[in-house]
Amino acid sequence: MDFLTVIQLLDSTVRLATPLLLACLAGLFSERAGIFDIGLEGKMLAAAFFSAAVAALTGSVWIGLLAGIGASVALSLLHGLASITFRGNQLISGVAINFLAAGLTVLIAQDWFSQGGRTPSLMGGARFEPITLPFADALADVPVVGPVYAELISGHSVLVYLAFLTVPVTWWVLFRTRFGLRLRAVGENPAAVDTAGVSVIGLRYAAVVICGVLCGIAGAYLSTALQAGFVKDMSAGRGFIALAALIFAKWRPWHALYATLLFGLFGALETRQDVITAVIGIKVQGQVLGALPYVMTVIILAGFVGKAIPPRAGGEPYVKER
Amino acid sequence: MDVVPKWAEVILVPLISLMLAAILSALVILAIGEDPVAAVNLMITGALGSTYGWGYTLYYATNFLFTGLAVSVAFHAGLFNIGGEGQAMLGGLGVALACLLVPWPHWTIALLAATVAAGLFGAAWAAIPAFLQARRGSHIVITTIMFNFIAAAVLNYVLVNLMRPAGSMDPATARFPEAVHLPTLHDILGVVGIEFSKSAPANVTFLIAILACVLVWLLLWRTWLGYEIRSYGKSESAAKYAGISPFAITMIAMLISGGLAGMMAINNVMGEAERLVLNAVEGAGFIGIAVALMGRNHPFGVFLAAILFGFLYQGGAELALWTSIPRELIVVIQALIILFTGALDNMVRMPLERLFLMIRRGNA
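Protein chains in written order, with the numbering used here: chain A, 1 to 322; chain B, 323 to 686.
Hints were generated in silico from the structure; no laboratory data involved.
Among the clues, some could well be false.
Only part of the chain A face toward chain B is listed, based on derived beta-carbon distances under 7 Å [what the hints assert, rightly or not]:
{"id": "1", "residue": "Leu91"}
{"id": "2", "residue": "Asp111"}
{"id": "3", "residue": "Gly197"}
{"id": "4", "residue": "Gly314"}
We put the beta carbon where it would ideally sit given N, CA and C, even for glycine.
The shape of chain B in the complex, shown without the other chains (with noise of 0.2 Å):
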């Protein structure tokens, strides 16, 4: 048996991480002069005060649940894919193709091919080291890496090169046609006569997001396949033995994190700025590890997470705009969040062990 109970594992260690990187946050604004209660009460005004503010911070929580869900999907294989940011630059290239070249009659059937385009263009993009991984034994966290920065490269040239258009110098692909336009959070709550903010980008993809979410559940604690990457993920040798094969395990979770971070490409994409440009992500592949960590790699928990992010993301522009702190503080935030809930997590729970031990010697 666990020392530290289920509850306390699920809500009580990612809770005190949390807390820890809020006040070493509010320590950091206290510092460069800022009043830090001040501040979070312009984050929460800003991005939760206003069906406007609400509207970003949904259209950022549904970039980073895709991301979020991708990196999860992989830790429960075992396997760390850093690599989101450069799957999602590739979704983005497979939704940018899907738009442009196909003259689609509706966005329902648009939106379901660049999907489909996003999906299969970041599972290829993670493919190659998933393969690495599995037969040649390289490093997965490295060569993810070093696949961000080729997909850069990458996407720089297909923007620069072929996918440009005549006698525009913006590295960007021509704006997407009228028809592949997503509906926004606005025109969807319109129907039902709910008041929502015009000009926020939030859009239909926030729905698809949830629907990923419950897909992945299912796929995890329902099926044998999720059962078998789970095994994998905990125990190498022991799925060896009960006939689970690593290479299989390892392409398809890969491929499945691949193909998630890559979908996030519908709504940064296809929903917001309907072309594809250069710095399409920012860094939205990187936040998906913050969201997993602090999710715990459970899909409702990166549900939880991607919109306590999304409010950090809106929050934060917030601020940089009303104050004079620059947005960098978020990746600050994020940063704190990682360390405490990803890396120092034996800080936070080996105390909380020797107190329920404390607890239970004093009860028997």
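This is chain A alone, in the form it adopts within the complex (with noise of 0.2 Å):
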């Protein structure tokens, strides 16, 4: 295996680890705050097809992205009508919510494009290009440092930095902000945060619907960038790739990286088996390697290799008074 395809199989691992990253985050956010969120797929589905219908109809794929964080959030202020303020179960909401996108979109799409339930093919303005970062072209044919800087570095669409730059921000929000303190404080012991005062339904709230943008970019992400436009069931359990990828990295954010890039790095060599045969010699069934993310968290839920301990106030609605 030379060094170019190295390359290759790390820049399509980028590429499918950021709608998983996003969606991780996403996840994150809600389930630090106490609100479990099985809907991630949901919201993700949702939002691939309405950027997808916006940019085709508006030519604009920023009016798209918006326009697929708002659904997404939509979804999301749903799941808290049901989780927070009515105290329903959780998980049962994000079922519903699975469905009510898996269901509406193909739908609407119908209804709108009638093209067996996928919007017309995006191109030009309605489309999230590759960018090309200052100097890749210049330092390509530098020996190492060259192809890493103009191949796996640069030549990415713009959600795919964004997604990397959540990264460290969600760290800083979390960990280093009140607001973040406070939403920890929420998923583990809501009473002690309605003590001193704050709004325990304004906190879950709050986490919620940045779940809900997150999702949305990472919707936006498979529809307008990853692919030109959306077909059916495009989210493809991405959703719930990033749920197994959240408790892999035990709700930190630096680990959901880390988890996501490696559930990545499974979906690159799916599609490239012969790299595999080089590398360890035998054939692995690409069954195996789509399944590996799924039993490697159930392996790791089990409490085998570390213990995965979820927020202690997690799925849990809170009741102010008894």
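Two chains, two separate frames, one set of hints: put the complex together.
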């Protein structure tokens, strides 16, 4: 296996890890505030559709991105209404949101475009184009550093850089600001936060909305950057892999980055089986790679490799007075 | 004493939730430029207007009966089994192995063996998440979701690499032998002289599903085990104090739940397709969640809800055939039902509680 293959493999790892990373950080905000969210998948799907549809209609990918974020936040607020205001079961609400998105996207796509549940292919300004970083072309011929810079670091869409930037920002917000401290506290011991005179409901809604925004960007990336248009069920379980990555990362931002990069690498390897055969000498079935993130998460959850302890008040609706 | 009387709890709350879901669905149909009344009429004639329609409605209902019961049993133990989909996939594998490996002389014996195999495979797939929940404290919802994906990968591997007949490109097993062909409702009702559509897939498994309903009811409300399952689901600490083992109840409830989900395969794999294909379950495992919520986790409620969803599925197929409304409309309706009967339950219940309190005060 030559150097260029490694670069190509890592390049597609980054591409595939980006939506996982954004969705994983989305889930991180929500679950750190004590709201379980298995509806990441549905929110991504809704955002993927609305950003592609609006981008196709207006010709501007930025308006599309806003529409995608709007759709995702709307579903987040529905989740908030069910699980915060009406103190319903958060898991059931998440399941409902996944189905709602799966059904509505196809229904609306068929109504708007009549192309069998897809949007028209996006072109030009309706897509996020790759950005060439400064000096990428000039440096391309420098050995080792050149290809790494020109092929791996440069040449992604703006959302990829945004996603990677979200990691330190998330860390800073959660661990270095007052809002972050309160948000984490509300996921561990909401009664204490309430006693301190801070609104539990307000904080949880804030967390759920942030989750919606990040899921929205993740979905927009799928349909306007990774691919050129929406197709039915295009999130393809990525929301659940992000959930797996979140547990794998034990609800920590930097670890979320590592976990999603690892799962992104599995995804990249699925299309480059020749590489695996060349490296370890045996043929690995594609199904094995596809199932690996889930198997690893189950092992982590079982506590065989370190213990994954979720936020203590996760999944519990907060009742002010009993 | 509860604020809301029992009859309101059992009938009124689900009915209001269902109506809310129906109103929103009608608005969705209006929004995509179709006529909701015409759509409902078409669904009713398509699903209930002929024995052909009934045959499909009951066929779908059979699937949902098994998966709905599966979710209910786990719910009674306070466990949310979201893995019915994967358990039903594995059940299909059990049925395929039972039907293909042994040359059965008659369908009755084959059905018995296939039922056992389906139940065992489904239960085995639920056993690992159950064990991890009971012993290692890993959340059953997450592990069962993960196991759905792992099941899909396992099935894909087995069908593509191991069970595909030589020379076939299709990721599916060979056709089951003629001897394990299950009698359809056409064959059964023909004996007593009732005309029933020949091409509809409803078969003898529907009767087994009804039997399963009765058995689950007996188990939950007429045996010690059922009592222990329900008390564990109501209050874990009280159950522990009464000497009920959380480990045993978690395992048993999940094994029964997984077994029931797996048994769905005798309907769709053995009764209808007569071979195992990749996408045999078609989301029925997830519909089980909606059916269980709608049916208030009671076998009779699950029976009614399964028939309702069978009707929705067949009606939705007819809609997709004759109008420009895609089949996904049913997914939306299903989502709304899960939302209103499950997650937004309190939204319906709180105003009702207030209403009944007012009435009571008025009487006093």
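Notebook entry, point to check: Against the structure shown, which of the earlier numbered hints fail to hold, in ascending order?
Noted result: Violated hints: 3 and 4; rest satisfied.
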